[in-house]
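Starting from the known structure of chain H, arrange chains V, Y, B, U, Z, F, W, S and D on it as the hints suggest.
Number of protein chains: 10
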Amino acid sequence: MTRNEVTDLIIANKLRKKLKWAQLAEAVGYSKEWTTAALLGQMTLTAEQAAKVGAMLELPPEAVTQLQVVPYKGSLPTTVPTDPLIYRFYELISVYGITIKQLINEEFGDGIMSAIDFSMDITREPDPKGDRVHIVMSGKFLPYKTY
Amino acid sequence: MTRNEVTDLIIANKLRKKLKWAQLAEAVGYSKEWTTAALLGQMTLTAEQAAKVGAMLELPPEAVTQLQVVPYKGSLPTTVPTDPLIYRFYELISVYGITIKQLINEEFGDGIMSAIDFSMDITREPDPKGDRVHIVMSGKFLPYKTY
Amino acid sequence: MTRNEVTDLIIANKLRKKLKWAQLAEAVGYSKEWTTAALLGQMTLTAEQAAKVGAMLELPPEAVTQLQVVPYKGSLPTTVPTDPLIYRFYELISVYGITIKQLINEEFGDGIMSAIDFSMDITREPDPKGDRVHIVMSGKFLPYKTY
Amino acid sequence: MTRNEVTDLIIANKLRKKLKWAQLAEAVGYSKEWTTAALLGQMTLTAEQAAKVGAMLELPPEAVTQLQVVPYKGSLPTTVPTDPLIYRFYELISVYGITIKQLINEEFGDGIMSAIDFSMDITREPDPKGDRVHIVMSGKFLPYKTY
Amino acid sequence: MTRNEVTDLIIANKLRKKLKWAQLAEAVGYSKEWTTAALLGQMTLTAEQAAKVGAMLELPPEAVTQLQVVPYKGSLPTTVPTDPLIYRFYELISVYGITIKQLINEEFGDGIMSAIDFSMDITREPDPKGDRVHIVMSGKFLPYKTY
Amino acid sequence: MTRNEVTDLIIANKLRKKLKWAQLAEAVGYSKEWTTAALLGQMTLTAEQAAKVGAMLELPPEAVTQLQVVPYKGSLPTTVPTDPLIYRFYELISVYGITIKQLINEEFGDGIMSAIDFSMDITREPDPKGDRVHIVMSGKFLPYKTY
Amino acid sequence: MTRNEVTDLIIANKLRKKLKWAQLAEAVGYSKEWTTAALLGQMTLTAEQAAKVGAMLELPPEAVTQLQVVPYKGSLPTTVPTDPLIYRFYELISVYGITIKQLINEEFGDGIMSAIDFSMDITREPDPKGDRVHIVMSGKFLPYKTY
Amino acid sequence: MTRNEVTDLIIANKLRKKLKWAQLAEAVGYSKEWTTAALLGQMTLTAEQAAKVGAMLELPPEAVTQLQVVPYKGSLPTTVPTDPLIYRFYELISVYGITIKQLINEEFGDGIMSAIDFSMDITREPDPKGDRVHIVMSGKFLPYKTY
Amino acid sequence: MTRNEVTDLIIANKLRKKLKWAQLAEAVGYSKEWTTAALLGQMTLTAEQAAKVGAMLELPPEAVTQLQVVPYKGSLPTTVPTDPLIYRFYELISVYGITIKQLINEEFGDGIMSAIDFSMDITREPDPKGDRVHIVMSGKFLPYKTY
Amino acid sequence: MTRNEVTDLIIANKLRKKLKWAQLAEAVGYSKEWTTAALLGQMTLTAEQAAKVGAMLELPPEAVTQLQVVPYKGSLPTTVPTDPLIYRFYELISVYGITIKQLINEEFGDGIMSAIDFSMDITREPDPKGDRVHIVMSGKFLPYKTY
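Chains as they are written, first to last, in the working numbering: chain H, 1 to 147; chain V, 1001 to 1147; chain Y, 2001 to 2147; chain B, 3001 to 3147; chain U, 4001 to 4147; chain Z, 5001 to 5147; chain F, 6001 to 6147; chain W, 7001 to 7147; chain S, 8001 to 8147; chain D, 9001 to 9147.
For reference, chain H alone in the conformation it holds in the complex:
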């Protein structure tokens, strides 16, 4: 059973059992963002967490074991994503990439925003002209080490 097959099984069973990502996150004890990523093969669960979601999703033991193994990450089938929802984020990097770099470097100096010591929060922002997707990202600034 490959990790991709575990992911497919999770999606299928979640659908069948009408579970929400937030419910699974509650069982795991972390945010819905981190938990969803973990269940989609991008993060690593502890034995206890894996057992809990395994029970909720009726996963076989082999799948529960796999959820505790560090996965080979990267969730997209193509270099430039074809799905319109995901592409919009790629487009934001394309349009705003140099802008983001200029502003972070001007404020912090040479370095990066970590994608590892990182958290994200996605919520609905009510708006009379149409609700908005509200995303907060927080990543530790890592200055380039000099040596």
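Hints should not be assumed to be uniformly reliable.
[To be verified] Listed below are several chain H residues computed to face chain Y (Cβ distance under 10 Å; list not exhaustive): (1) ASP8; (2) ILE11; (3) LEU15; (4) ARG16; (5) TYR72; (6) PRO77; (7) THR78; (8) THR79; (9) VAL80; (10) PRO81; (11) THR82; (12) ASP83; (13) PRO84; (14) LEU85.
Hints in this document: simulated from the structure, not taken from any laboratory. For every residue, glycine included, the Cβ atom is placed at its ideal position computed from N, Cα and C.
Below, chains V, Y, B, U, Z, F, W, S and D without anything else, positioned relative to chain H:
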């Protein structure tokens, strides 16, 4: 004078005159994020805005005119960005792409977060363990039209 | 059962039962363009719509469920399509892309034509020199938000 | 003087002289769509047409000559366009490509919509919820020859 | 049963039954070039033609049905073909592409040679210094429509 | 002076002096196909041939010398050609590639059609339904050597 | 049974039966280089040769038949080979490619070294500083035909 | 003056002064293969060698200095070479790559043929059926270190 | 059973039997780095080594045999690795590539660091500010042979 | 003056003035690895450091200013490096990538080795069988944040 040459000139003169993006944004009257993107060839200024930043940056009239023209957008030289700061954002899409899609679709239904009716705010988040880059994105949810 | 397998099954059964896309669209209650896209894994049906086409196409319950899930979109196997019919549309973008951009930007200012708040109508245009394919596209103009 | 330099010159002079594509099209005697494409290096003008727009745009004789030569076509710098306005059309092909093929083949049999015996009309469609871009495409259906 | 599986079955059965493409073409009633393309998943047979070759090749009913459906075209697994015989044709386009364009445009004006209203004939050309492959291509010239 | 600059100069001067490829071919003493390819940087002229076309095209001595040097071949700027006229030939290989291979291998055995010991003839084929482009290719069959 | 499956079977059985390529070549009656290429799906055996190696390798009749069919050639899974042994040859072309071209063209004029009328011999070259791989390639020079 | 400009100058001056690569190699004191590669920007000359060829080719001092600097290697403009002469070598790797690997690994065990401790000799092999290009490659076998 | 299937089986069984790479390396008698690479299909074991790890991992005889065969190397599914841990090494080459080349060439002259006569050691480097990954690479310098 | 032009100037002047990277590093006060990367456009100098190396390398003021600006990083012209010395490092990632990941994850858990809080030391390792390149890399382990 091509638009890329205008961008190069803006970066060089900004450097020489020791201006900050936030100062230029104040003259334009919009956020530092939007203004930086505009000056880097991704958004379009009004005649008045272009005149103001043109004066601050000592741009020739031809460059001031070009800032008022809708540019061909996309600021990166390669499909997968090589600069580590920008790459981290590409990596976030790669690792979290499907997660973001699952959460937005579960909350809003089928549709996308607009990258056009969109704003972004980048700030420093003080943290005793090392300051963090704090990014807030807000994009209108656009449901797929049925017809 | 993956979404691609659902799509293959729909195409096979439609062929076997000699159904037309327009007949399926009638059951769904939307246009033949939207319905075909939905059945080919690009749009999302309601439970009622899925049940109706599921019955017409003799789909198993699992497939009927999948039709109600937001799919990962993008229907083509290669970045540049090899099928001549579809390639002609890619060619139109290649030849007319900058033209379309110039004309829309000149008329509307900086922004895009939405591909989400969008509808399309494909009909036969009789012509003594050979009938023509007549396509009408209508997408909401979205101006770039300034902030 | 290469054809790309002619195109750059046309865009620069059009900007400086504040001409609209529709005004240039009137001089050429064809639609704004065809004329814009021609001036952007995708179609071929007659000597008379080239002389007229050359005068309006104050082009040197060498540029006027080049406008009468069949160009090497294709107006985009990358395989997948980065400009958001143009990308939306690429996305429409990605999402609707198979749908378009199914509907045309079902109606007309095996063949293509010509991108050569083709015309396009782009207009503003007033709409209280926000004006729309209205595009009509008409291409001759070409059945695959059997032999 | 996918179209690729139909193609594999045709090749396997043709081999087993020691049939020549020309014999299958005779049954279809068209040239060996068109018939081979059709049986390899690039053209569409009528019900009668499909029944005839189905019988000769002992194809199951499902395969016979598939031969009557317009296929997704494009027969090569890579953008640049690796097979030496097929690559030589790609090389001819690479070396002679601009030449062909110059000569056709000089003779006919702006337009293309149709790849749809097209026929091809491949024969052996006896030659004392070594027989030659003789290929005749005939495609309708399609002038760019002006409008 | 690079070979590309020689090619650009030839095209520009041919245009200015209103010469046809067939006229230049007559001076060279070979077909219009081979001569055009040579002048576009794909074949190699003798000193005498280079001098003749150099005079007709008013080329500087350096360019005349370059025409006698074996060029680095390949005339197209992208792997998949964007120009519609040239793309149609790429499409023919995509659609008919396996067909051509099957028919040549069935007739000649394992080997290729040479693209070196090769000639091509492009003519206008009058047709009441619209003139056709008629292309005859002749390449020596080269069987795979066994050893 | 696809050709790739035949190749896999040959490699597996050769391993199990502890046969050397040279032994199989002896049965075929050609060199170890040509025979290995043939058994790996790049050349075509006669019925007699196929029967002999089929017996040695205990291949099923279907595989023996396939070895007599001209294969779709090209043995590598990626455009730039990842295997270090094979990559070194790619690197030699990258580093020495223009050198080889210059030397062959200077000696022979415009043309190529045939990869069809070609033979190769790989042997061990004893050397006190470490044995060397000794490869001799011999390909017919093919001058570009003028016409 | 970049290294590419040095290479262009060497090719131009060699052409103007009608020098052969073998004559330059004699001055350098190495083979024509190594010397040609060095002058085309792939190997590094000593001061004495650079001075000698600099004098023969009338290179400026800056170019003579550059010839003594280790270059960034790789002589081809595209991943898959378009020039037919060079492509044939790429094709040989594609067709024979796995064969070469099998034979070297069977004879020597796990390791590679060095492309650094490597020499090559290109000569004309007279043949009544047409002269042949004869290439001898010799590379040290390097076994994979175990540790 | 393909080599990839052997690799999958090894990873699954190692997980099930809770073995560490270092334990497997002890059985093999080499370092954990070399052994892990070998078990992941990049190096070649002796019969004795394969038997030992085969017993520990409960591999079938066929898998034990495959571990003794030289594999087709290259362990990553994409040209640019998507996994963040592995990507960081790709990024180091991107950022430091020319630096490494300059420093090695300045110290050693023209040549390379061997990736075959190579060893690597990965250890934990305790650090109060957070432990570090400590990697030592040692590769034989190979000077370019002159000839 | 672009950053690439600054880099070219630094390389040219370093060559002309016969400076070693270690000498420039001494002036900067950091290691030769960091300093070389900085001068090749990958790191950022302080005003004082830039002034010192500017004086040593006789750089114009504009170049000295640019050395203090955070650069757009990535030093290689192609995705897969063509230079053999640099390619060997790419190959090591290809061959050992999964091995490195397995060993780091097994030792540290889920996370990465930082390429930002990172240092590298390249030295000559004398060896009677041929000196070796010795590279020590040290990067902080960054565990994936859970949230």
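Interface hint status, ARG16 (chain H) versus chain Y (Cβ within 10 Å): holds, 7 Å
Interface restraint verdict for THR82 (chain H) against chain Y (beta-carbon cut-off 10 Å): The hint holds - THR82 (chain H) has a Cβ within 10 Å of chain Y, the shortest such distance being about 3 Å.
Residue hint TYR72 (chain H), partner chain Y, criterion CB-CB below 10 Å: TYR72 (chain H) check fails; min Cβ-Cβ to chain Y is 19 Å, beyond 10 Å.
Interface hint status, ASP8 (chain H) versus chain Y (Cβ within 10 Å): holds, 7 Å
Interface hint compliance - LEU15 (chain H) to chain Y, C-beta minimum distance less than 10 Å: holds, 6 Å
Interface hint outcome for ILE11 (chain H) [beta carbon to chain Y under 10 Å]: Constraint on ILE11 (chain H) satisfied, holds at 9 Å.
Restraint check, 10 Å cut-off on beta carbons, for THR79 (chain H) near chain Y: Holds - the Cβ of THR79 (chain H) comes within 10 Å of chain Y, reaching about 9 Å at its closest.
Chain Y contact restraint for THR78 (chain H) - C-beta distance below 10 Å: holds, 8 Å
Evaluation of the interface hint that places VAL80 (chain H) against chain Y, nearest CB under 10 Å: holds, 8 Å
Hint validity - PRO84 (chain H) Cβ closer than 10 Å to any chain Y Cβ: holds, 6 Å
Interface hint status, ASP83 (chain H) versus chain Y (Cβ within 10 Å): holds, 5 Å
Cut-off 10 Å, beta-carbon criterion: hint that PRO77 (chain H) touches chain Y: holds, 8 Å
In summary, the structure is inconsistent with hint 5 from the numbered list given earlier, while agreeing with all the others.
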